[in-house]
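Undergrad: Sequence:
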Amino acid sequence: MIFLFLWVLGLSFTISLLIMLLGYSLSRSGEANLDKLSPFECGFNPNAGHRKMFSLHFFLVSLVFLVFDLELVILFPFLSVGGVGSSVESYLSCVLFLFVLGLGLLYEWLMKSLEWCD
1 MIFLFLWVLG LSFTISLLIM LLGYSLSRSG EANLDKLSPF ECGFNPNAGH RKMFSLHFFL
61 VSLVFLVFDL ELVILFPFLS VGGVGSSVES YLSCVLFLFV LGLGLLYEWL MKSLEWCD
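Mapping of the sequence shown onto UniProt numbering: position 20 corresponds to residue 20, and the numbering continues sequentially without gaps.
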């Protein structure tokens, strides 16, 4: 019994060692040049300036999208149960919720927050 355990342990160790050596030998590059040794981050030079310009308008549009998306997720259970046990109160709360959602959209439209161009 102990012989079988040691044989399986040795075989596992040998296979693991062979896979590691094979990976090491295949990953070695032929020659090291400056392009291969420099870090690459999506085409940007990581050693350049760290403070990039960020569009505040894009951030605000994404926040508006997030708020309206969450409101629709909250609205989804109202729509999924439809006519099953629905009452006048649930219908009115759904209509009120949609009204407030529409007022928020109208406010964002009047404040010109949804326009992408200046």
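Among these hints, one or two may not hold up.
[Stated by the list, open to error] For lysine to any residue, the following SDA-like pairs were computed, each having C-alpha atoms within a straight-line distance of at most 20 Å:
1. 112 to 74
2. 112 to 78
3. 112 to 63
4. 112 to 77
5. 112 to 57
6. 112 to 64
7. 112 to 60
8. 112 to 95
9. 112 to 37
10. 112 to 23
11. 112 to 65
12. 112 to 94
13. 112 to 67
14. 112 to 96
15. 112 to 28
16. 112 to 62
17. 112 to 76
In short, the hints are calculated from the structure, not lab data.
Undergrad: Does each hint hold? Answer for all of them.
TA: Structure-based check of each hint:
1. 112 to 74: Answer violated: residue 112 to residue 74 is near 26 Å, above 20 Å.
2. 112 to 78: Cα-Cα ~30 Å, so violated.
3. 112 to 63: holds (15 Å)
4. 112 to 77: violated (31 Å)
5. 112 to 57: Roughly 11 Å between the alpha carbons, so the hint for residue 112 and residue 57 holds.
6. 112 to 64: holds (12 Å)
7. 112 to 60: Roughly 11 Å separates the two Cα atoms, so the pair holds.
8. 112 to 95: Violated. Residue 112 to residue 95 sits at ~26 Å, over the 20 Å cutoff.
9. 112 to 37: violated (48 Å)
10. 112 to 23: violated (57 Å)
11. 112 to 65: Roughly 14 Å between the alpha carbons, so the hint for residue 112 and residue 65 holds.
12. 112 to 94: violated (27 Å)
13. 112 to 67: holds (17 Å)
14. 112 to 96: violated (24 Å)
15. 112 to 28: Distance of about 56 Å is beyond 20 Å: violated.
16. 112 to 62: With a Cα-Cα distance of about 14 Å, the restraint between residue 112 and residue 62 holds, given a limit of 20 Å.
17. 112 to 76: violated (28 Å)
Violation of the numbered hints given earlier is confined to hints 1, 2, 4, 8, 9, 10, 12, 14, 15 and 17; the remaining hints are satisfied by the structure.
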